[in-house]
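Top line first, the protein sequences correspond to chains U and D.
First residue of the first sequence: 6, per the numbering used here; consecutive thereafter.
First residue of the second sequence: 6, per the numbering used here; consecutive thereafter.
These are computed hints drawn from the structure, not numbers from a lab.
Treat the hints loosely; a few may be bogus.
To be verified - Distance ranges between label pairs, derived from CB positions: (1) D:Gly-222 / U:Asp-79: 55 to 61 Å; (2) D:Ala-231 / U:Asp-79: 50 to 56 Å; (3) U:Glu-16 / D:Glu-12: 31 to 37 Å; (4) D:Thr-48 / U:Ala-9: 57 to 63 Å; (5) D:Ser-8 / U:Glu-29: 22 to 28 Å; (6) U:Tyr-150 / D:Thr-256: 28 to 34 Å.
As the list claims (entries may be wrong) - Computed list of lysine-lysine pairs in DSBU-like fashion (alpha-carbon distance at most 30 Å, straight line): (7) U:Lys-138 / U:Lys-18; (8) D:Lys-28 / D:Lys-255; (9) D:Lys-223 / D:Lys-248; (10) U:Lys-159 / U:Lys-100; (11) D:Lys-248 / U:Lys-18; (12) U:Lys-18 / D:Lys-28; (13) U:Lys-18 / D:Lys-255; (14) U:Lys-138 / D:Lys-51; (15) D:Lys-51 / U:Lys-18; (16) U:Lys-138 / D:Lys-223; (17) U:Lys-138 / U:Lys-100.
Using N, Cα and C, we set each Cβ at its ideal position, and we do this for glycine too.
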Amino acid sequence: MSEAIPTVPIEVKINGEACRDKVEPRTLLVDFIRQQACLTGTHVGCETTYCGACTVLLNGRSVKSCTVFAVQADQGEVQTVEGLEQDGQLHPLQKAFSREHALQCGYCTPGLLMSALHLLQRNPCPSQSEIRKGIAGNLCRCTGYQNIISAIEKAAQEMGGRKTAEE
Amino acid sequence: MLSQLGEEAKLLAGGQSLIPLMKLRLAQPSDLVDLNFISGLDTVDKGSDEIAVGALARHSDVADSDVSGQVPILRDCASGIADIQVRNRGTVAGSLAEADPSGDWTPVLLTLDAQLHCLGSQGSRMIALEDFIEDAYSTVLQPAEVIRRVRIPIPPAGSGGAYLAFKRSAQVYATASAAVQLQLQLQDETCRQVRIALGCVGLTAARATQAEDFLSGKHPSAENLASAAEAAVEDAQPVSDVKGSAAYKKTLLRALVRRAAERAVRRARGEQLEGGHEYV
Ligand SMILES: Cc1cc2nc3c(=O)[nH]c(=O)nc-3n(C[C@H](O)[C@H](O)[C@H](O)COP(=O)(O)OP(=O)(O)OC[C@H]3O[C@@H](n4cnc5c(N)ncnc54)[C@H](O)[C@@H]3O)c2cc1C
Ligand code: FES
Ligand code: FES
């Protein structure tokens, strides 16, 4: 029954590094990231555009990578949770998540971090309700969200604070 | 290209309806033609008398654009659809083409008398949104015809509008929703150009014309707005489903129409109000 499906070459810049491979047109971006680029930080929770565990930034915008075809990212830029750490230093969001106990099993965390990153890039100083709205597309079955919200709040303060220190 | 591929080929815009449907095998297109590689389609442009929303303008593009500050009902709708990830992909044109009976754009754009500029192998045509949606998930689009842009007349000075949708959570479609757009006459503060449309009421969103007629020419007193809401609910025929019984949805609609009308009036008076979708 299985007919060979013709593949297409694509090139996607993931966390700054060019990644070239062939994919079937139906391959989802998340499967390309996990199985072909071997970056397994991005999770698959539901595959139904619901849980947000697969959230990555595509050309600077958060998307659910289970609902984008890999071919659609051709010549584009993707940022995943692995790209947050810089020079061996965790990103302020990652540090705040750890400090504030914003994760338990950790399954939702990569997606939440990417949603939080997208939120803070657009709105460096969000209110609690803006944070809630910003992560409405990410489900967490463990924490009850309170610590996630306070971690994002703390990270925002820290990142804002750091910006003023640099100025 | 679509016409060469035949009737089973489909256009891919944001993919936020089509890809989930393909996973469920509810859609099995023979070929997909991806609009996303065509540049210049993602624009939200304001002309002298209309706003043109390009075929690839995402919900978040509309939410972020200046024009939706001027026509706040657009931001109410755009900023509350699903979650930011879905809004970053899903398009206004794709939503209209999908014609989901619980979709948010149809009621909102019905109150603004939107027109769809469509291109097909037969050439281009303008279709009023009123005439565009035939039934649930069904439009008058021909197989190889695409929505090039959605054209929204800019409401006259002194207008205000608001959209309210009631949802169980961000990721689900609304249980009930109401859009109200009106103009307040300067001299006597009576309502003109009243448009009221309801979502999640059967197979397609629908205008509540009885309620519109009732409110036209009247002062927007609390009593009149409540009576208009009552008239809108009389027009409406929501159906019972997993989200609630028809009676429950009517109760919701009554409150949503009244509150949306109150907000529309306050905005027509120049107040800045945030709002849109409400979760339980
Ligand atoms: C979790 C989730 C929650 C959602 N909640 C809501 C909600 O609350 N309210 C709401 O309104 N929507 C909701 N949506 C749907 C979302 O708004 C979709 O983006 C939208 O319905 C379809 O737009 P799209 O650009 O993604 O279209 P696609 O999925 O790409 O296409 C949908 C259909 O339209 C056709 N099409 C697309 N563009 C055009 C065009 N320019 N011309 C002709 N045909 C075209 C396609 O061929 C296809 O048949 C939700 C989606 C998800 C995944
Ligand atoms: S895996 Fe993509 S949204 Fe759940
Ligand atoms: S920490 Fe377990 S799902 Fe969020």
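Checklist entry - Falls inside 28 to 34 Å, the C-beta gap from U:Tyr-150 to D:Thr-256? => result holds, 29 Å
Checklist entry - Okay, D:Gly-222 versus U:Asp-79 on CB: inside 55 to 61 Å? => result holds, 57 Å
Checklist entry - Between D:Thr-48 and U:Ala-9, does the C-beta distance stay in 57 to 63 Å? => result The hint (57 to 63 Å, Cβ to Cβ) is violated, given that D:Thr-48 and U:Ala-9 are roughly 40 Å apart.
Next on the checklist: Can you confirm whether the C-alpha distance between U:Lys-18 and D:Lys-255 stays at or below 30 Å?
Outcome noted: violated, 50 Å
Checklist entry - Straight-line Cα separation of D:Lys-28 and D:Lys-255 no greater than 30 Å? => result violated, 34 Å
Checklist entry - Can the suggested window of 22 to 28 Å be confirmed for the beta-carbon pair D:Ser-8 and U:Glu-29? => result Given a distance of about 26 Å, which is inside 22 to 28 Å, the answer is holds.
Item to check | Given hint D:Lys-248 paired with D:Lys-223 - CA-CA distance at most 30 Å | outcome: Roughly 35 Å separates the two Cα atoms, so the pair is violated.
Checklist entry - Is U:Lys-138 within 30 Å of D:Lys-51, Cα to Cα? => result Distance of about 28 Å is within 30 Å: holds.
Item to check | Given hint D:Lys-28 paired with U:Lys-18 - CA-CA distance at most 30 Å | outcome: Roughly 26 Å separates the two Cα atoms, so the pair holds.
Next on the checklist: Please check whether D:Ala-231 and U:Asp-79 have a Cβ separation lying inside 50 to 56 Å.
Outcome noted: holds, 55 Å
Checklist entry - Is it true that the CA of D:Lys-248 sits at most 30 Å from the CA of U:Lys-18? => result violated, 42 Å
Next on the checklist: Check whether the Cα positions of U:Lys-138 and D:Lys-223 lie no farther apart than 30 Å.
Outcome noted: Outside the cut-off at roughly 37 Å; violated.
The structure does not agree with the numbered hints 4, 8, 9, 11, 13, 15 and 16 stated previously, though it agrees with the rest.
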